[in-house]
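K.L.:
As a plain string of letters, each chain reads:
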Amino acid sequence: MSKEELLTRISEIQFVCVELNLYIDTHPDDTAALDDYYAYSVMLEDLIKKYEALYGPLMGFGHSPTREGSWVCSCWPFE
Amino acid sequence: MWIYQKKLQFPVNIKNPDLKMAKMLMAQYGGPDSELAAGCRYLTQRFSMPDDRIRATLNDIGTEEIAHWEMIGVMIMQSMRGASLTELENAGLLGYYTLHNHGVFPSDPNGVPFTTSYIQCTGDPITDITFDLAAEQGARATYEHLMNLTDNEEYIAPLRFLRAREVVHYQRFGECLNILKELYPNGDQNRTSRY
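From first to last, the protein sequence lines are chains C and B.
Heads up: the first sequence begins at 1 in my numbering, then just goes up one per residue.
Heads up: the second sequence begins at 1 in my numbering, then just goes up one per residue.
The set of hints was computed from the structure by calculation and includes no laboratory data.
Wrong hints could be hidden among the right ones.
With a straight-line cut-off of 20 Å between C-alpha atoms, the simulated DMTMM-like cross-links for lysine to aspartate or glutamate are [said to hold, decoys possible]:
id, chain 1, residue 1, chain 2, residue 2
1, B, K181, B, E70
2, B, K7, C, D36
3, B, K15, C, D36
4, B, K15, B, E70
5, C, K49, C, E79
6, B, K6, C, E5
7, C, K49, C, E68
8, B, K7, C, E5
9, B, K6, C, D35
As the structure is a prediction and not an experimental result, all values here were calculated from the model.
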């Protein structure tokens with residue numbers, strides 16, 4: 001997967017996680033939704049780790065342990 | 001606490017800028033039903049909410065709104081990029097240029113600056129959530145108006161995404177209102193010995 005493809009995949013899986021998170025906020029006992037949320041969260045974590053190992057950190061404040069790339073010098077999303 | 005992620009929630013890539021859209025998009029950047037107003041409103045209201053589910057909903061939707069505010073800011077910035085004074089004048093943005101140049105300032109399309117009076121917070125949970133339901137509908141309507149103003153898919157795709165999010169948020173706030181009605185079946189959420 002190219003950098004762009006990997007970032008798109010992260011956004012897609014993250015979108016599923018946002019949707020499930022908001023749903024679970026008002027349905028905290030829905031076990032099927034909780035199972036899905038767990039499965040997609042693991043998938044998202046895996047994709048982000050893969051991206052950050054190749055292209056550098058997506059998050060600051062210690063949430064992106066990687067020696068690749070640079071937080072400061074990577075592109076901002078508005079560039 | 002919040003952690004920034006150096007990416008947009010949904011891609012914005014405007015290669016054929018439309019200055020008139022830059023001006024109209026300010027409705028959602030600094031207007032009464034803007035993403036900024038929504039984010040501040042929900043993140044503020046959560047402090048006085050009596051139920052875990054509603055606190056979580058306000059926290060998480062409030063957080064998502066800030067990501068939407070960023071998308072609108074990027075759309076405005078990319079729409080104004082490289083514009084000449086004549087082009088700005090033709091789009092009715094000369095007054096904006098005088099005050100802000102190419103800065104992205106939270107005001108509405110008529111130049112009215114953002115104000116905290118857009119942030120409804122009565123501390124009455126039913127009143128606050130009812131306001132949020134109306135605000136989500138207001139933002140959905142504004143997105144539909146914005147989508148009617150352009151045929152450019154570079155604008156329409158992110159606007160379509162943002163419009164759909166308002167619909168989902170409205171759904172979640174509707175569930176929050178039902179939770180509150182179960183908690184306070186007699187509408188006595190403010191009841192004191194005074195009345």
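K.L.:
Take the hints in turn and mark each one as holding or not.
P.N.:
Results for each hint:
{"no.": "1", "hint": "B:K181 to B:E70", "result": "violated (34 Å)"}
{"no.": "2", "hint": "B:K7 to C:D36", "result": "violated (24 Å)"}
{"no.": "3", "hint": "B:K15 to C:D36", "result": "violated (37 Å)"}
{"no.": "4", "hint": "B:K15 to B:E70", "result": "holds (18 Å)"}
{"no.": "5", "hint": "C:K49 to C:E79", "result": "violated (23 Å)"}
{"no.": "6", "hint": "B:K6 to C:E5", "result": "holds (16 Å)"}
{"no.": "7", "hint": "C:K49 to C:E68", "result": "holds (11 Å)"}
{"no.": "8", "hint": "B:K7 to C:E5", "result": "holds (13 Å)"}
{"no.": "9", "hint": "B:K6 to C:D35", "result": "violated (28 Å)"}
Consistency with the previously given hints fails for numbers 1, 2, 3, 5 and 9, ordered from lowest to highest.
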